[in-house]
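Chain by chain, the residues run as shown.
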Amino acid sequence: MEERETIIGLEIHCQLDTRSKMFCGCSTDFRDDEPNTHTCPVCLGLPGSMPMVNKRAIEFALKVAKALNCAINEESEFSRKNYFYPDLDKAYQITQYDKPLAEWGKLLIDGDNGEREIRITRIHLEEDPGRSVHMGTTDRGKYTLIDYNRAGIPLIEIVTEPDLRSPKEARKFLNKLRATLEYLNVFDSEKEGSLRVDANISLKGSERVEVKNISSYKGVEKALTFEVTRQRNLIRRGQRIARETRHFVEARGVTTSSRSKEEENDYRYFPEPDLLPLRVASWVDAIDLPELPDARRERFVSQYGISSEHAKTLTGGLKLAEFYEAVAPADPALAATWTADYLLGELNYRDFTIEAMPRELFKELITLVKGDAITDKSAVEILRIILDAVKEGKEPERPQAIVDRLGLAKSSGDQVTQMIDEVIVEQPAAVADYYAGKMQALNFLVGQVMKKCRGRADPGHLNILLKEKLDKKV
Amino acid sequence: MVTAEDVRKVAKLADVGIDDSEITEFTRQCSGVLEYFEILDTLDQSKQLIRERYNILREDEVTPSLSQEESLQNAGQTEKGFFKAPRVM
Numbered sequence: 001m002e003e004r005e006t007i008i009g010l011e012i013h014c015q016l017d018t019r020s021k022m023f024c025g026c027s028t029d030f031r032d033d034e035p036n037t038h039t040c041p042v043c044l045g046l047p048g049s050m051p052m053v054n055k056r057a058i059e060f061a062l063k064v065a066k067a068l069n070c071a072i073n074e075e076s077e078f079s080r081k082n083y084f085y086p087d088l089d090k091a092y093q094i095t096q097y098d099k100p101l102a103e104w105g106k107l108l109i110d111g112d113n114g115e116r117e118i119r120i121t122r123i124h125l126e127e128d129p130g131r132s133v134h135m136g137t138t139d140r141g142k143y144t145l146i147d148y149n150r151a152g153i154p155l156i157e158i159v160t161e162p163d164l165r166s167p168k169e170a171r172k173f174l175n176k177l178r179a180t181l182e183y184l185n186v187f188d189s190e191k192e193g194s195l196r197v198d199a200n201i202s203l204k205g206s207e208r209v210e211v212k213n214i215s216s217y218k219g220v221e222k223a224l225t226f227e228v229t230r231q232r233n234l235i236r237r238g239q240r241i242a243r244e245t246r247h248f249v250e251a252r253g254v255t256t257s258s259r260s261k262e263e264e265n266d267y268r269y270f271p272e273p274d275l276l277p278l279r280v281a282s283w284v285d286a287i288d289l290p291e292l293p294d295a296r297r298e299r300f301v302s303q304y305g306i307s308s309e310h311a312k313t314l315t316g317g318l319k320l321a322e323f324y325e326a327v328a329p330a331d332p333a334l335a336a337t338w339t340a341d342y343l344l345g346e347l348n349y350r351d352f353t354i355e356a357m358p359r360e361l362f363k364e365l366i367t368l369v370k371g372d373a374i375t376d377k378s379a380v381e382i383l384r385i386i387l388d389a390v391k392e393g394k395e396p397e398r399p400q401a402i403v404d405r406l407g408l409a410k411s412s413g414d415q416v417t418q419m420i421d422e423v424i425v426e427q428p429a430a431v432a433d434y435y436a437g438k439m440q441a442l443n444f445l446v447g448q449v450m451k452k453c454r455g456r457a458d459p460g461h462l463n464i465l466l467k468e469k470l471d472k473k474v
Numbered sequence: 001m002v003t004a005e006d007v008r009k010v011a012k013l014a015d016v017g018i019d020d021s022e023i024t025e026f027t028r029q030c031s032g033v034l035e036y037f038e039i040l041d042t043l044d045q046s047k048q049l050i051r052e053r054y055n056i057l058r059e060d061e062v063t064p065s066l067s068q069e070e071s072l073q074n075a076g077q078t079e080k081g082f083f084k085a086p087r088v089m
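These protein sequence lines map, in sequence, to chains H and C.
Going by UniProt numbering, the residue at position 440 of the first sequence is 440; the numbering climbs one at a time, nothing skipped.
Going by UniProt numbering, the residue at position 54 of the second sequence is 54; the numbering climbs one at a time, nothing skipped.
Check each hint, because a few of them may be wrong.
What the hints assert, rightly or not - 20 Å max Cα-Cα, derived EDC-like pairs, lysine to aspartate or glutamate:
id	chain 1	residue 1	chain 2	residue 2
1	H	K90	C	E70
2	H	K467	H	E426
3	H	K106	H	E360
4	C	K9	H	D266
5	H	K55	C	E61
6	H	K319	H	E309
7	C	K84	H	E422
8	H	K218	H	E207
9	H	K55	C	E70
10	C	K84	H	E346
11	H	K370	H	E360
12	H	K99	C	E52
13	C	K84	H	E34
14	H	K55	C	E35
15	H	K319	H	D285
16	H	K363	H	D331
17	H	K312	H	D110
18	H	K312	H	D266
19	C	K80	H	E426
20	C	K80	H	E207
21	H	K55	C	D60
22	C	K84	H	D458
23	C	K80	H	D89
To be verified - Some but not every residue of chain H turned toward chain C, in silico, with C-beta under 8 Å:
id	residue
24	R19
25	S27
26	H38
27	R56
28	P273
29	L276
30	P277
31	V284
32	L289
33	V301
34	L344
Because the hints were derived from the structure by calculation, they are not lab data.
Quick reminder that beta carbons are idealized off the backbone N, C-alpha and C, glycines included.
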């Protein structure tokens, strides 16, 4: 049976990195603080308190709207979305409903079949609810603790059209969106929960399922892949897919039905009577957008002469791109290879971000590789020693110091020649095999020289030298 | 025209407990409110509503928050600096 097309649309919530909250002056810098120490009558929803819109939140949202090629609505306004949940102290969330800030944008991604334009339905502003912690183990003993420090943090919700065709495309879209938001300097991707995703997913011709609670952007591909498989299996067994909301359980990598009541979706929206409309469409003209990921990628190719593939990887995050530009002077091509092909893997393995790698040390390492002072193998070893030191909270050694301490300096030409001569004398049987036409004997001899110099020579180069030497003797 | 069913649904959405003996009275009152709005609907609306005020904004400046004690002082139950609520999920 032909596989049905997968249709995915995303709703992304992104915390804007303002100093104060969306509608009050409480500080947004709460992550290391005690619960309920960043609240006031406004964000606690106390009677008589009045919200007032944070100007910078509007400016940040407009920046995003401009970068995503949206049309800014001449007039937009806030609405109340009513529902009961303990994390929502007012029993309504101030959001935008029928008059969002911006609509009809687009973002280019590198899709499954080449470059594709993903349409953005709308971008609107709203406030984050509080954070709830679910406690208790037995059913009777269960209760919920609530911290309103997060309540009122400015959010933008970005909604896409159902244009994504695979979980992988959804991940690519999010990576591109995240990079764009970083470049715009409106959000801090390092902060936990700063980007949260809900996804709508269906197989063509079937009902749509909403997957909520994907708290990390990395979880998106996993959650959606699980859903595609689950829905395909249901269809294969001749069952119908129920239109429902499911929750992603990150720890188990599965989605579970959340049996939400029909009433929950009746939010009784109405215009927020405490706030006046926004007329900010004209502000976008004054916004100067910084260089965005696509432009930076093109510049990396032309300025540093690196491959488009490397440039794409290196511009995938703002801090990564800045790291590359800081280390590129050592040697643009080597810096690109060593950052994209080696460093990122080593960082990922240790759950590190690019900031874990001291730029000066990396530059020094590139310079050693460039000067042919160490082999690639030794360079990887040095990289690991540095990152392991960082992981243990120690001051990492300089690459040259590691080379000296471990004797990793590449063997000089004279030393190598001498070792080759020694091996030829020590291994007469292998030499005879080589002359008898057994090519694997050459590999064995290369291995012997490598052993002698403890890996401090380049095997490809050794191969050539050995061959020259042996062939000359005939 | 508001029905008893409408009143029950709205009460449930608003999490307001009303018992059956009150339904008739609330149905009558809700109908009365809507009838009043029907009168407003008869007004000439051909002229666009002109709102002269918009963009009432504040600068992104941090102002002092309440202390944890102040924040929690009206709460029925608290634990370790958190508001405590019946279980949800």
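Here is how each hint holds up against the structure:
1. H:K90 <-> C:E70: Roughly 17 Å separates the two Cα atoms, so the pair holds.
2. H:K467 <-> H:E426: Distance of about 16 Å is within 20 Å: holds.
3. H:K106 <-> H:E360: violated (39 Å)
4. C:K9 <-> H:D266: Since the Cα atoms of K9 of chain C and D266 of chain H sit roughly 10 Å apart, the hinted pair holds (cutoff 20 Å).
5. H:K55 <-> C:E61: holds (10 Å)
6. H:K319 <-> H:E309: holds (18 Å)
7. C:K84 <-> H:E422: violated (79 Å)
8. H:K218 <-> H:E207: Violated - the C-alpha atoms of E207 of chain H and K218 of chain H are around 25 Å apart, more than 20 Å.
9. H:K55 <-> C:E70: violated (28 Å)
10. C:K84 <-> H:E346: Distance ~43 Å between K84 of chain C and E346 of chain H Cα, so the pair is violated.
11. H:K370 <-> H:E360: Given pair K370 of chain H, E360 of chain H holds - Cα atoms ~15 Å apart, limit 20 Å.
12. H:K99 <-> C:E52: With a Cα-Cα distance of about 18 Å, the restraint between K99 of chain H and E52 of chain C holds, given a limit of 20 Å.
13. C:K84 <-> H:E34: holds (15 Å)
14. H:K55 <-> C:E35: violated (40 Å)
15. H:K319 <-> H:D285: violated (27 Å)
16. H:K363 <-> H:D331: holds (9 Å)
17. H:K312 <-> H:D110: Holds, at about 10 Å.
18. H:K312 <-> H:D266: Judged against 20 Å, a Cα distance of about 44 Å means the pair is violated.
19. C:K80 <-> H:E426: Violated, because 75 Å separates the two Cα atoms, which is more than 20 Å.
20. C:K80 <-> H:E207: violated (44 Å)
21. H:K55 <-> C:D60: holds (6 Å)
22. C:K84 <-> H:D458: violated (65 Å)
23. C:K80 <-> H:D89: holds (18 Å)
24. R19: With a closest approach of 5 Å, the R19 of chain H hint holds.
25. S27: Nearest chain C Cβ about 5 Å off; hint holds.
26. H38: holds (5 Å)
27. R56: The hint holds - R56 of chain H has a Cβ within 8 Å of chain C, the shortest such distance being about 4 Å.
28. P273: violated (13 Å)
29. L276: Because about 5 Å separates L276 of chain H from the closest Cβ in chain C, which is inside the 8 Å limit, the hint holds.
30. P277: Because about 5 Å separates P277 of chain H from the closest Cβ in chain C, which is inside the 8 Å limit, the hint holds.
31. V284: Hint violated; V284 of chain H Cβ to chain C Cβ min 14 Å, cut 8 Å.
32. L289: With a minimum Cβ separation of about 20 Å from chain C (threshold 8 Å), the hint on L289 of chain H is violated.
33. V301: Cβ of V301 of chain H sits 37 Å from chain C, so the hint is violated.
34. L344: It is violated, given that the least Cβ distance between L344 of chain H and chain C is near 35 Å, above 8 Å.
Hint compliance for this structure: hints 3, 7, 8, 9, 10, 14, 15, 18, 19, 20, 22, 28, 31, 32, 33 and 34 are not met, and every other hint is.
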